[in-house]
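Protein chains in written order, with numbering that gives the first Met the number 0: chain A, 0 to 167; chain B, 0 to 390; chain C, 0 to 102.
Hints are computed from structural coordinates only; laboratory data are not their basis. Source: prediction; values computed, not measured. Glycine is no exception: its CB is placed at the ideal position from the N, C-alpha and C atoms. Hints should not be assumed to be uniformly reliable.
Here are some chain C residues the structure puts well away from chain A; computed CB gaps all over 12 Å [as the list claims (entries may be wrong)]: (1) Ile46; (2) Arg99; (3) Lys101.
Covered, in the sense of this in silico footprint (three residues per stretch, anywhere, with C-beta under 8 Å from a C-beta of chain C), are these stretches of chain A [stated by the list, open to error]: (4) 6-12; (5) 18-32; (6) 45-56; (7) 60-73; (8) 87-94; (9) 119-126; (10) 132-145.
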Amino acid sequence: MGLVFYVISFFAVGGALAAVLLKNLVHAALALTIAFFGLALLFLRLDAQFAGFSQILVYVGAVAILVVFAILLTKGSEVPKQGVFSKSWFTGLAIAAGVFAVLAWAVLRAAPSLPNETATPAVNVNDIGNALMGRYVLPLEIIAVLLTVALLGAVIVAMHEKERAGQS
Amino acid sequence: MIERLDQVFVILKHWLLGYLPQSWQTPVGVVISVVCIIGLYPALFAVTTVLERKGVARIQNRLGPNRVGPYGILQPMADGIKSLTKEDIVPTSADGVVHFLAPIILVVTVFMGFAVLPMGRNMVLVDMDAGLLFYFAMGASTELSVFMAGWSSRNKYSLLGAMRAVAQMISYEVALLLSSVVIVMMTGSLSLVKIVEAQNHYSYGLPHWFIFTPWGLAGFIMYAIAGTAETNRSPFDLPEGESELVAGYHTEYSGFKFALFFLGEYVAMFSISGLGSTLFLGGWMAPLAALQFIPSWIWFFGKLFVSMAVFIWVRGTLPRLRQDQLMNFAWKFVLPMCLLNLFVAGLWRFMGDGWLRWVVCSAILILAYVSIGREGMRRKHFGPRSYRYAE
Amino acid sequence: MTPLASYLIVAALIFAIGLAGALTRRNAIMVLIGIELMLNAANLNLIAFWRYGPHPELLSGMMFAIFSIAVAAAEAAVGLGLVISIYRHAKTSDVEEMNRMKG
Chain A
0 MGLVFYVISF FAVGGALAAV LLKNLVHAAL ALTIAFFGLA LLFLRLDAQF
50 AGFSQILVYV GAVAILVVFA ILLTKGSEVP KQGVFSKSWF TGLAIAAGVF
100 AVLAWAVLRA APSLPNETAT PAVNVNDIGN ALMGRYVLPL EIIAVLLTVA
150 LLGAVIVAMH EKERAGQS
Chain B
0 MIERLDQVFV ILKHWLLGYL PQSWQTPVGV VISVVCIIGL YPALFAVTTV
50 LERKGVARIQ NRLGPNRVGP YGILQPMADG IKSLTKEDIV PTSADGVVHF
100 LAPIILVVTV FMGFAVLPMG RNMVLVDMDA GLLFYFAMGA STELSVFMAG
150 WSSRNKYSLL GAMRAVAQMI SYEVALLLSS VVIVMMTGSL SLVKIVEAQN
200 HYSYGLPHWF IFTPWGLAGF IMYAIAGTAE TNRSPFDLPE GESELVAGYH
250 TEYSGFKFAL FFLGEYVAMF SISGLGSTLF LGGWMAPLAA LQFIPSWIWF
300 FGKLFVSMAV FIWVRGTLPR LRQDQLMNFA WKFVLPMCLL NLFVAGLWRF
350 MGDGWLRWVV CSAILILAYV SIGREGMRRK HFGPRSYRYA E
Chain C
0 MTPLASYLIV AALIFAIGLA GALTRRNAIM VLIGIELMLN AANLNLIAFW
50 RYGPHPELLS GMMFAIFSIA VAAAEAAVGL GLVISIYRHA KTSDVEEMNR
100 MKG
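Could you put together the complete structure from these sequences and hints?
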């Protein structure tokens with residue numbers, strides 16, 4: 000059982016690493032998709048089936064395609080001459096390494112006192128539906144408004160400005 | 000005797016597994032089922048290709064392939080040998096890894112959808128609680144492989160075809176999801192087995208399929224339109240239109256990889272027809288209570304073949320839709336109708352039994368179709384044509 | 000069977016990788032990719048603690064993760080729309096070039 004976990008997390012972490020290191024943007028976006036799949040499989044291992052399938056549906060089916068379309072529309076497929084990493088890359092790397100060190104130290108220090116595996120929770124989609132309409136109805140409605148606003152905002156921001164086409 | 004014929008595959012599988020020790024039974028059982036699915040659907044694909052070519056040919060007033068066997072039925076063997084022995088040409092500037100992976104990912108994700116389809120009584124591979132969600136998650140992953148195929152070929156036409164195909168698939172996926180959500184709402188479960196069970200009773204000899212209700216009929220029509228568009232099938236096949244884009248996103252593929260794309264498209268059609276018949280047409284149920292002696296899997300595959308015949312018929316009959324007409328149709332007609340369908344289904348549930356709910360729900364849907372579909376889609380003004388050049 | 004600490008370490012690793020990507024890459028879209036990775040790592044943390052926590056039948060962790068997925072999708076859409084709009088104006092999507100308000 001440990002082997003399955005290591006294989007899945009190898010794909011998740013490897014995909015994430017490839018996504019930030021690759022020079023070709025479209026390859027990076029495809030590696031990101033592999034990372035998303037790996038994470039969805041980890042969710043499935045944690046008995047969160049609804050979250051895992053929603054992750055695939057939303058992230059792989061929508062966000063990854065959005066990223067790829069944006070790369071194509073901004074001509075990101077050519078590798079720039081100055082290189083893909085910024086001038087202050089070492090600072091960024093050091094900060095990220097510091098953050099990871101702090102988090103890992105916190106986890107490993109608390110490792111003996113973390114709870115152990117309990118029995119599989121009997122979660123079915125019926126309960127999720129009841130929870131969404133009962134206890135979590137306010138966040139649900141706010142998310143609906145948020146998604147509508149985001150949709151309208153994204154369309155307006157990215158829309159071609161016809162009347163200024165001659166000047167810009 | 001009838002029950003034994005109905006469950007013959009299940010009994011066969013359990014008999015084979017009886018020879019194995021206890022701990023090996025589950026994995027080997029899964030492997031047997033998976034091998035059966037992977038063997039059956041490509042065989043159906045082979046039969047469907049020749050049926051399609053003959054069918055479309057007859058609609059177009061010509062004979063189809065008739066050289067290879069009696070009436071051309073051995074044509075798939077010739078096609079298979081051709082695609083296996085053709086040279087696999089990869090353009091030098093193409094992106095090697097992505098070009099190789101695109102058809103593989105397409106075929107893998109398309110076959111994963113069959114894991115949750117109940118092909119007969121007790122004949123589902125995995126009875127998942129969130130089965131419908133799993134099916135749509137796998138459907139969403141096919142769009143990525145289409146894009147990968149188009150982009151990696153480094154060909155303007157492939158890229159155009161891929162962008163069109165992805166835009167079309169995303170638009171109609173929303174319609175597909177919404178027309179299935181009506182069924183989920185009425186049965187209260189995402190599990191396909193439970194959805195078939197909810198339709199599994201007869202009154203006066205007629206079945207309780209969901210298509211025989213107003214919201215079910217509207218949902219089925221929306222689902223059929225969206226399913227045809229999802230699999231890039233005529234009249235929505237602009238991305239692979241042979242007369243426009245050479246071959247769209249699979250222009251640069253030859254030999255076996257092209258055969259894999261072809262296989263993926265047809266198996267996706269089987270998959271969507273199977274889901275459609277599970278959701279709306281009662282899955283493995285017989286159409287009349289008196290006909291229940293015929294095994295359930297025969298009814299499932301019968302409905303699958305009828306759906307394929309309708310696909311082929313529509314391909315031969317209707318002209319192709321232009322890209323802007325297609326997108327217009329998706330967002331301005333299909334989506335509002337699906338949302339209205341949800342509302343009508345809720346109204347149906349709360350109005351209680353009787354003839355009133357039939358009249359009210361049908362009236363709302365017909366009114367909506369006439370107002371949105373007929374009047375709203377009519378272009379009343381034809382102004383001067385405007386051109387937009389690429390810049 | 001795998002301890003909770005393994006999932007938390009994997010989540011921390013993906014978070015750090017996303018942070019490094021967001022801080023060191025030049026292209027604006029890569030920054031957005033890094034942000035998506037960070038959000039995903041937080042989701043993994045939420046689901047892991049939900050599963051190993053005292054009351055998984057209350058579904059709080061899974062709900063939080065589902066809402067987080069929805070919000071991340073909305074934010075990715077708006078962010079990428081902004082990147083496209085900026086590219087149309089500045090003809091570049093390099094964050095090092097866009098270091099002044101003029102223009």
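Now for the hints, and whether the structure bears them out:
| no. | hint | result |
| --- | --- | --- |
| 1 | Ile46 | violated (5 Å) |
| 2 | Arg99 | holds (16 Å) |
| 3 | Lys101 | holds (16 Å) |
| 4 | 6-12 | holds (count 3) |
| 5 | 18-32 | holds (count 6) |
| 6 | 45-56 | holds (count 7) |
| 7 | 60-73 | holds (count 9) |
| 8 | 87-94 | holds (count 6) |
| 9 | 119-126 | holds (count 4) |
| 10 | 132-145 | holds (count 4) |
Checked against the numbered hints above, the structure violates only hint 1.
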